[in-house]
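A.B. asks: Next come the chains, spelled out residue by residue.
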Amino acid sequence: EVLLAESGGGLVQPGGSLRLSCAASGFTFSNFEMNWVRQAPGKGLEWLSYISRSGGTIYYADSVKGRFSISRDNAKNSLFLQMNSLGAEDTAVYYCARIGLVHTFDVWGQGTMVTVSS
Amino acid sequence: DIQMTQSPSTLSASVGDRVTITCRASQSISSWLAWYQQKPGKAPKLLIYKTFTLESGVPSRFSGSGSGTEFTLTISSLQPDDFATYYCQQYNTYSRTFGQGTKVEIK
Numbered sequence: 120e121v122l123l124a125e126s127g128g129g130l131v132q133p134g135g136s137l138r139l140s141c142a143a144s145g146f147t148f149s150n151f152e153m154n155w156v157r158q159a160p161g162k163g164l165e166w167l168s169y170i171s172r173s174g175g176t177i178y179y180a181d182s183v184k185g186r187f188s189i190s191r192d193n194a195k196n197s198l199f200l201q202m203n204s205l206g207a208e209d210t211a212v213y214y215c216a217r218i219g220l221v222h223t224f225d226v227w228g229q230g231t232m233v234t235v236s237s
Numbered sequence: 207d208i209q210m211t212q213s214p215s216t217l218s219a220s221v222g223d224r225v226t227i228t229c230r231a232s233q234s235i236s237s238w239l240a241w242y243q244q245k246p247g248k249a250p251k252l253l254i255y256k257t258f259t260l261e262s263g264v265p266s267r268f269s270g271s272g273s274g275t276e277f278t279l280t281i282s283s284l285q286p287d288d289f290a291t292y293y294c295q296q297y298n299t300y301s302r303t304f305g306q307g308t309k310v311e312i313k
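Taken in sequence, the protein lines are chains U and G.
Here the numbering used here is used: the first residue of the first sequence is 120, the next is one more, and so on.
Here the numbering used here is used: the first residue of the second sequence is 207, the next is one more, and so on.
Here chain U stands alone, though its shape is the one from the complex:
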């Protein structure tokens, strides 16, 4: 079964950092481009970041550029999101999502909640 499973969420103070992980299983992780998407409570979906198969091409949304860093470890079938300088506006459920053969997000994880609060 094709699965993505996020972890690493939790409560963090404003200005703090957090590293999210996304474990992939059931498919050849290195063959697929990956993304992070978030959803603030009661709000819509916001694309955050993209990483190519090799990790050589990366893009960010303006809202997180300079604060968040996406990376991957193909040997460990894992995707990461390093989040720094967190603010209340970063409180959200964070999803990892695979770009499938249909060129858009065909597989999503279950999400991990990040709460930024003092």
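Hints listed in this document are in silico derivations from the structure and should not be mistaken for laboratory results.
These figures come from a predicted structure and were not determined experimentally.
Yeah, the Cβ is synthetic: ideal placement off N, Cα and C, and Gly gets one too.
Where hints are given, some of them may not hold.
Think about it this way: if two alpha-carbon atoms lie no more than 27 Å apart in a straight line, the pair counts; the simulated DSSO-like pairs of lysine-lysine are [to be verified]:
1. G/K248 with G/K309
2. G/K251 with U/K195
3. U/K195 with G/K256
4. U/K162 with G/K256
5. G/K251 with G/K313
6. U/K162 with G/K245
7. U/K184 with U/K195
Partial list, computed: chain U residues near chain G (C-beta under 10 Å) [what the hints assert, rightly or not]:
8. V121
9. L123
10. G163
11. L164
12. T176
13. Y179
14. I218
15. H222
16. Q229
17. G230
Which bits of chain G does chain U cover? Going by a derived footprint, with three or more residues having C-beta under 8 Å, they are [what the hints assert, rightly or not]:
18. 251–257
19. 297–307
Add chain G to chain U, keeping to what the hints say.
C.D. replies: Frame of chain U, contents of chain G only:
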């Protein structure tokens, strides 16, 4: 960045109704448009990609149309399982922006 605007934001309908949701892009995205369904507490689920192609396992009562800047998602006969929030998404550019969502509620 390309902006995606959905309408309406909320839609009240009954089982059996025909439902249409509109999505407009701020510039042409050709046919690079997807629709997702999201239920409370769950991850989004891909319904339609490249404007009109149904993802495997999606019921045929769902259909998509459009091109360029204006797109629609139609549910031909609303079923109880269809009450959810629907999002459009453009993937013409690396910045894969979503619409703000349309919540389909029970009338």
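A.B. asks: For each hint, tell me whether it holds in the structure or not.
C.D. replies: How the hints compare with the structure:
no. : hint               : in the structure
1   : G/K248 with G/K309 : 14 Å, holds
2   : G/K251 with U/K195 : 26 Å, holds
3   : U/K195 with G/K256 : 32 Å, violated
4   : U/K162 with G/K256 : 25 Å, holds
5   : G/K251 with G/K313 : 24 Å, holds
6   : U/K162 with G/K245 : 13 Å, holds
7   : U/K184 with U/K195 : 26 Å, holds
8   : V121               : 12 Å, violated
9   : L123               : 9 Å, holds
10  : G163               : 5 Å, holds
11  : L164               : 4 Å, holds
12  : T176               : 9 Å, holds
13  : Y179               : 9 Å, holds
14  : I218               : 8 Å, holds
15  : H222               : 6 Å, holds
16  : Q229               : 6 Å, holds
17  : G230               : 6 Å, holds
18  : 251–257            : holds (count 4)
19  : 297–307            : holds (count 9)
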